[in-house]
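Chains as they are written, first to last, in the working numbering: chain U, 22 to 189; chain X, 2 to 180.
Hints are computed from structural coordinates only; laboratory data are not their basis. Be careful, since some hints might not be right.
Said to hold, decoys possible - Some chain U residues close to chain X (C-beta under 7 Å, calculated; not the full set):
id	residue
1	Gly68
2	Leu90
3	Gln94
4	Gln114
5	Ile115
6	Arg117
7	Gly119
8	Tyr126
9	Ala159
To be verified - List of simulated lysine to any residue pairs, SDA-like, C-alpha gap at most 25 Å:
id	chain 1	residue 1	chain 2	residue 2
10	U	Lys110	X	Glu148
11	U	Lys89	X	Gly92
12	X	Lys66	X	Ser19
13	X	Lys163	X	Asn121
14	U	Lys93	X	Arg173
15	U	Lys92	X	Gly92
16	U	Lys93	X	Ile152
17	U	Lys87	X	Asn121
18	U	Lys92	X	Glu148
19	U	Lys89	X	Glu143
All residues carry an ideal CB built from backbone N, CA and C; glycine is no exception.
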Amino acid sequence: MAVREVLIYPDSRLKENCAPIVSFDESAQQLLQDLVDTMVDAGHSVGIAAPQLGDLRRAAVVDVSKSKLGKKQENHGLLQMVNPEIIEKEGSQIVREGCMSVPEYTGNVTRYESIVVQFLDQNQQLQVIRSEGFEAIAIQHELDHLDGFLFLDRVSSLKTDLFRRKQK
Amino acid sequence: MQHFALTIIGRDRPGIVSQVTKILFQGGFNIADSSCSILGGQFSMILIISNPAISTTEEFSDTFKPLEESNLSVYIRTLKPGGEIRPELEGELCMISVYGADKPGIVYQVAKELGDRNINITDLNTKLVGEKQTPVYVMMLEAMLPENTEIEEVEIWMKELKQRLQVDISVRSLVVMEL
């Protein structure tokens, strides 16, 4: 069990493409545990990805069930994901996101409304789940970290965009 | 370090931002915070700037002369110490959309409901849209609800206002996902 330091941009490790976990060994288990511990310790957080701890392997955890808004929606509780991949996606929703690794800034991001994600869980079992709403946003945000994307790369509109489009 | 608020406005055209920021860059200024946008046919820039070597307006106001000469209006405000720091606003962000046939007082009436209750408006945009014969006023605002104010209360005030002003108003909480 270990709560680890969350890296803050401009740490270059946040912009790396992470490597798949080939052998699901003790160190991978430890990584998942550290992710959970750090997420829980960070009180407000509903997810965290391995590169945020400086570990460039494809692992992330999400748990929206403890958050005020997340628990109102259907969710899968604690998700521990190794080599996660989004295999289906549909719809879109706009949400204002913030990130522990980019403090004091939030931006409007467009995310898929509903996704199907496939991953190995903490017991090395292949899981395929459908996720929607709040939880789906969290998963997309964390999986972006594994590809070196921050929400800053996804900001889709400034607040005034709505007005701008009206102009001829 | 002394900070200044710099406001620049003028007829929109390509190159204003580069013209302004070139002067700032060459003069050794930092841009700490800024918001720039087109309003009507005008481009407006509001920036919080500082320069370690400068503490009074007189020391640099002349550097903006070329802007005035190209028809941009420049205004410099000297900030009081700490005036550059954004206050820590606690509470729930709430988004209010107001739209309807244009009439006087829409902004004021909505803002008054919030201001009278000490609710901080953190962002506000308005625009006149629609056809010439049937202009529609659109206002989008963000407000920070203090701890003791529930969004349901805001909905009640706005419902009353909606009747009185004969406009459409919707209120929703703005979800900021901290991930």
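**Report entry** In rising order, the numbers of the hints this structure does not comply with
**Finding:** Of the numbered hints, 3, 4, 5, 8, 10, 17 do not hold.
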